[in-house]
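J.: Same order as they appear, the protein sequences are chains A and B. Going by the numbering used here, the first sequence opens with residue 2, and the numbers climb by one from there. Going by the numbering used here, the second sequence opens with residue 2, and the numbers climb by one from there.
It is possible that some hints are incorrect.
[Unchecked claim] Short derived list, chain A residues pointing at chain B, Cβ under 8 Å:
hint	residue
1	G39
2	Q41
3	R42
4	N82
5	Q138
6	G340
7	E355
8	V357
Since the hints were made in silico from the structure, they are not lab data. These numbers come from a predicted model, not from an experiment. Beta carbons are placed, not taken as given, at the ideal position from N, Cα and C, and that holds for glycine.
There are 2 protein chains.
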Amino acid sequence: MAWLTATYLIDAAPDEIEARASALAIEQSVECPLAAIGDQRVLHEIVGRVAGIEPAGDGRYRVDVGLAVETTGGEPAQLMNMIFGNCSLWEHVRFVDVTLPEPLLARFPGPRHGIAGIRALLDAPQRAMTSTAVKPQGLPVAELARLCKTFALGGVDIVKDDHGIANQTYSPFDERVRACQRAVLEAVETTGKPAFYAPSLSGTPRVLRERARLARDLGVRVVLVAPMLIGLPAFADLVDEFPEFVYLAHPSAAGGRIDPVLIFGKLFRLFGADAVIFTNYGGRFAYPRESCAALAAAARAPWGTLAPALPVPAGGMLLERVDELLEFYGDDTMMLIGGNLLIARDALLERTREYVAKVEGHGRTHVALHA
Amino acid sequence: MAWLTATYLIDAAPDEIEARASALAIEQSVECPLAAIGDQRVLHEIVGRVAGIEPAGDGRYRVDVGLAVETTGGEPAQLMNMIFGNCSLWEHVRFVDVTLPEPLLARFPGPRHGIAGIRALLDAPQRAMTSTAVKPQGLPVAELARLCKTFALGGVDIVKDDHGIANQTYSPFDERVRACQRAVLEAVETTGKPAFYAPSLSGTPRVLRERARLARDLGVRVVLVAPMLIGLPAFADLVDEFPEFVYLAHPSAAGGRIDPVLIFGKLFRLFGADAVIFTNYGGRFAYPRESCAALAAAARAPWGTLAPALPVPAGGMLLERVDELLEFYGDDTMMLIGGNLLIARDALLERTREYVAKVEGHGRTHVALHA
């Protein structure tokens, strides 16, 4: 008998929290009145258990629920169903953490490359890394390719598609990936520094597979995928079928009642994300500073045999904040700055160089001064 | 130039709503500062547009945003990305409606069977319909099959797996579907009344396809799928590849910042759900009565050439409430009562018959009295 623990924040008055916690444990396991269950094994080995209730302030409680590992079938979709299926429909419930016992955790291989694999690919053993986004969608392929080349000439490690770029008539997938991949390779020939184009992969599973094959055939090594948009189970399939890609996970469609620290810091990694893009504090999105720190720490923390995932803060990042952000996140981080480079328009190459110099030079002055 | 309209409820003070609405329109389209865009076509034909802002009470505004149809690429995942991708990450945003122009709507075939197809399958041209759930998970296959048979002998139209039943060691998919399908067919031979077993299909896309094939080979006609659990794009693929199934859509994992009326009443139908299970007012979940009415109305309403989908209220339904609920929802409805039948234990057959008699007899007495 093995149990996993799912943790929720539940809004409740003191006299109703026990009932709410117990209702959640039943809803997430047998989903029927206990009076309807005659089977003793089910009562003892399948019904979810409230394992702890702690006040969490502001009329909320932190509730640990034990769920039988056997109920997950060791599968991605069913694991999600057990830990946050029906109870996602309750406005008073927020899903904040999950602890999986070793044999269950071992069913999910996690990142195939992780931080170490990305560092090896980029030939960047220690420094913080850079990425940027080619945008906006609507530009013709030649213009997207020109942006790719400029960014790579400027020294950016990973040049990704904006996540809104799919297979639109103005930049069809096939034509775009060919042109952008070629553009980055040309720049690499000039600079001699590794750089990688990461196309955005989306679509229904069948389309996704076709696009992944095409990208692989073109020599693409890094891809951008939004796991909640394509669905976590489809993401797990993709990673399994195309383990050679480094996966950058995008947060699109991931808003809801799963805590950002959990979804970006743990769940995406569990299902195979090598790097997780999340919205940085002080940008266009309002995650608190401490959530960002916790998220980055969770992505990198020891967790069974799962490789650490690389945190990628993003969303309205400013070149001027690079030093502050690297002080905050440390070197096992990839910066993602897009729009704030593009505003330079004709001076894009110079601004890109400035970005790369800032990130790669971070901390060096101090070292020199100390020496 | 065609535009779709996505509608959001945005929490904002009066002096910040215009900025928030405009930020949303940019986030959901070009996702960068307008100052970074030099291309006039992008500025005029791709950048999202705030089309209307109306106060909605309680510090909220109802905001219509026009998004270029071209940006969706006519694909399920990218449509979701455009209408509720990054903005899902904003706690102050709730996604409440979408209006698609005819040519875009025509890219999504919707229900293959819909209400009319389900009625034909069940040989129930006018009356309200019945369904129930085999549960709890953890029971051995023989017991699940026995429950299936009892329900079908009692006259229930559709006997579905509980959505927590996947491919666990205690009831492996293959063995379970064979046994349950056979059990229902045996009951049908006895009663002479059509009844259908609906297995729960879940898994990563590759697993899902294998299970769907097996179910089809066994003669299954109706399946249960949770679109938000497997992912809406995977659901769209499944419906496309297995159009012969009647799809009951389950709400698991669908909680978040998409309004229930929109997700269950419209989006599930758009992607192919023939019937939508939703949590009824006054049950274990707290949807307001008016949301339930709006949801059922939306599922059945004329919408391009999409067939109407069947509303299936569920979640802590009581036999005693059947008349009230049928008055409320009308005859184009399928009741779903599970646990409240199972509490009868040894008297399950009798209680099931009572359920079926109540639903099928609803309104008849009145007719007789008037005659």
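J.: So, Q138 (chain A) near chain B? Judge it on the closest CB pair being under 8 Å.
T.: Holds, about 6 Å.
J.: Identify whether the interface hint at N82 (chain A) stands, where standing means a beta carbon of chain B within less than 8 Å of its own.
T.: Given a least distance of 5 Å, the restraint on N82 (chain A) holds.
J.: Does the CB of Q41 (chain A) sit less than 8 Å away from some CB of chain B?
T.: violated, 11 Å
J.: Once the shortest beta carbon distance from E355 (chain A) to chain B is found, is it less than 8 Å?
T.: Violated: closest Cβ of chain B sits about 16 Å from E355 (chain A), beyond 8 Å.
J.: Is the shortest C-beta separation between R42 (chain A) and chain B less than 8 Å?
T.: Holds, because the Cβ-Cβ distance from R42 (chain A) to chain B comes to roughly 7 Å (cut-off 8 Å).
J.: Can we keep the G340 (chain A) interface hint, with Cβ of chain B closer than 8 Å?
T.: holds, 3 Å
J.: For the hint on V357 (chain A), just tell me whether its beta-carbon gets within less than 8 Å of chain B.
T.: This hint is violated: V357 (chain A) lies away from chain B, its Cβ roughly 18 Å from the closest one there, beyond 8 Å.
J.: With a cut-off of 8 Å, does the beta carbon of G39 (chain A) approach a beta carbon of chain B closely enough for the hint to hold?
T.: holds, 6 Å
Of the numbered hints listed earlier, those contradicted by the structure are 2, 7, 8.
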